[in-house]
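K.L.:
In case you want the letters, here they are:
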Amino acid sequence: MMEYLPNIIFAFVLVAGIGYFTRNVNRLRRNIKLGKDVDVSDNTGQRWRNMAKIALGQTKMVVRPIAGILHVIVYVGFIVINIEVLEIIIDGLLGTHRIFGSLGVLYDVLIASFEVLALLVIISVSAFWVRRNIIRLKRFIKPEMKGWPKQDGNMILYIELVLMILFLTMNAADYQLQQLDAAHYTKAGAFPISQIIAPLFEGLSISSLIVVERIAWWLHIVGILFFLNYLYYSKHLHILLAFPNTYYGKVKPKGQFKNLDAVTEEVKLMLDPSADPFAAPAEDAAEPEKFGASDVTDLNWVQLLNAYTCTECGRCTDECPANQTGKKLSPRKIMMDTRDRLEEVGKNLEANKGKFVEDNNQLLDNYITREELWACTTCNACVQACPVSIDPLSIIMDMRQYLVMEQSAAPTDLNNMMGNVENNGAPWPFNQMDRLNWANED
Amino acid sequence: MAEELKVPTMAELFAAGKSPEVLFWVGCAGSFDDRAKKITKAFVQLLTKANVSFAVLGTEESCTGDPAKRAGNEFLFQMQAMTNIEVMNAYEIKKIVTACPHCFNTIKNEYPGLGGKYEVVHHTQFLKQLFEEGRISLEGGKFKGKRITYHDPCYLGRANNIFEAPRELIRKLDAELVEMKSCKQRGLCCGAGGAQMFKEPEEGDKDVNIERTEQAMEVEPEIIAAACPFCNTMMTDGVKNKEKEDSVAVMDIAELIASAENL
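Heads up: the sequence lines are chains W and X, in that order. Counting in this note's numbering, the first sequence runs from 1 upward without gaps. Counting in this note's numbering, the second sequence runs from 1 upward without gaps.
By construction, these hints were calculated from the structure, which means they are not laboratory data. Hints are supplied without guarantee of correctness; some may be wrong.
Distance condition first, Cα-Cα at most 25 Å in a straight line; then the derived DSS-like pairs of lysine-lysine [unchecked claim]:
#	chain 1	residue 1	chain 2	residue 2
1	W	Lys328	X	Lys206
2	W	Lys142	X	Lys181
3	X	Lys184	W	Lys138
4	W	Lys258	X	Lys199
5	W	Lys258	X	Lys206
6	X	Lys181	W	Lys60
7	W	Lys53	X	Lys199
8	W	Lys60	X	Lys184
9	W	Lys347	W	Lys36
10	W	Lys250	X	Lys117
11	X	Lys94	W	Lys252
12	X	Lys184	W	Lys268
13	X	Lys206	W	Lys138
14	W	Lys250	X	Lys184
All chains, please: the whole structure from these sequences, using the hints.
P.N.:
See below:
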């Protein structure tokens, strides 16, 4: 029985890690589904292509070449090195060692490439850390990046660094054990990077080496499970959500804003000469729909998915004309606020047995101020900049709609403009009858 | 102006039982703004020179509703849209050209869902096509070798992926086209979009149009070419703010072509 103890502990850790992750995925799904329904069944071909190009192919990342290439390295490293995790899981459950070792030369190639990638990831992650903490790139030190977002950004880098060091340490000890013909440590794999660190372990006894190898092995897999569960509390969720998010991202021209169907019905009625303006609403008429958004539940679920997908890179904010000229608006903050408020609503549901209890809080004013909303030029620079197809502008627009149509709270200048459009058919106080005067003027 | 402009209206053509090749949607800025009216006239001169049969709606035209929609007033937008669509559908309009990217975007993308389905082109696309069809041609000259930088209007460029038509027209002038550091997909807004044109900006370090003008000045142009009446206003103000109006002109692409044609 005792000889199976490690296998049992491993199975337990694995089930616990995946189980808790599943719980978080369910929370995520529940929160996203708090959003209004939206039809995304169109353009399936284009949507798959977008996902393949933007998420899998990282095409928008490399618009900024330095960050882009470093990111591609970490991304490829993450995906490829995960093949090794599969082996670790099988070994852990069966008590085998390097079960894929029988693949021979192919295994050598695999392990060697994991090692090279691990080293490249270490270099890239270090470069990212320097960009955040030494060079202090402007987009990483904006006001919304204080506190947890800043720690989170570094935390991810530390975890990745530690995981890669553990992986190389494990291999270095293993390599040393293989050289010493230790039992159970069959000769398998090529170790171009770890054999450089292996001399550090020279002189250690086989039993000490096994301790080092086992500790690194266990910490590595436990670290991966920890990271998996860290995702939900972190901006790092993008490694999963970038895929659905790019699929569900906007497929229409960026300038096309959606037309509100509820408004169309009313406008048609108003323009219909045969409609009775004094008619009482039908008995069974549904309660009039709320226009626009003042809280997260007024947004649609794609917008909420957007919020969880945001990895706070700040490219949107960096390209935003309002932010560049010192206004309070930051598209990244719009996304972070939406996510934070959604989390708050989700926790409220959990604390109250699935029923939301009024908390006198909302997205508008409590998170996103009117000043931010009115500073937007709707130029779509943020939408263009996002490497994972997030649309902060759509949230800004929905909130403006709430302010104008539910609260009549537009800035005075805009009310004047709208009054002119309504009365004269132009945003300025000119008479529509003078619209062709230019043709006869000098 | 040398010649009186001949600007037929849809109502006149319709009464005569004729229908034009294209409806020229003038837009509010093109109709009322003194600077933009010059763009309107330059474009009409080009249409006339190319023998394009066109008409305007004149007093039957009304704001597309774009600024209302971007301000959040979907109600007012749809009122405007449906009124305009009713007028245009009654005239059986098939094709529309406009010199305003905001009108262009709204009619092209947001009207179809409300029953207004037309082929909509921006005047830079239309002019490019006139060149391709040989209906207008240019003999270089006037702008040869001039440094021209082109400012991408957000609602033409990023919003609708039209980056090349205006640039191709500038190349026809034999001018030296120089790009700003933010251009095409990453072009910086002039600051007028999203109904900002009609309100004071929020508090900040500087105005967006100044930032954009500074980017333009970095490439030392003789002319800043625009393709939107609102961008034109913003950039003109920016150039004045920098006290460069004597050395840097802000001109619409239609004005550049018309001027090169000595119209």
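K.L.:
Can you name, in rising order, the numbers of the hints this structure does not satisfy?
P.N.:
Per hint list: 5, 7 and 12 violated.
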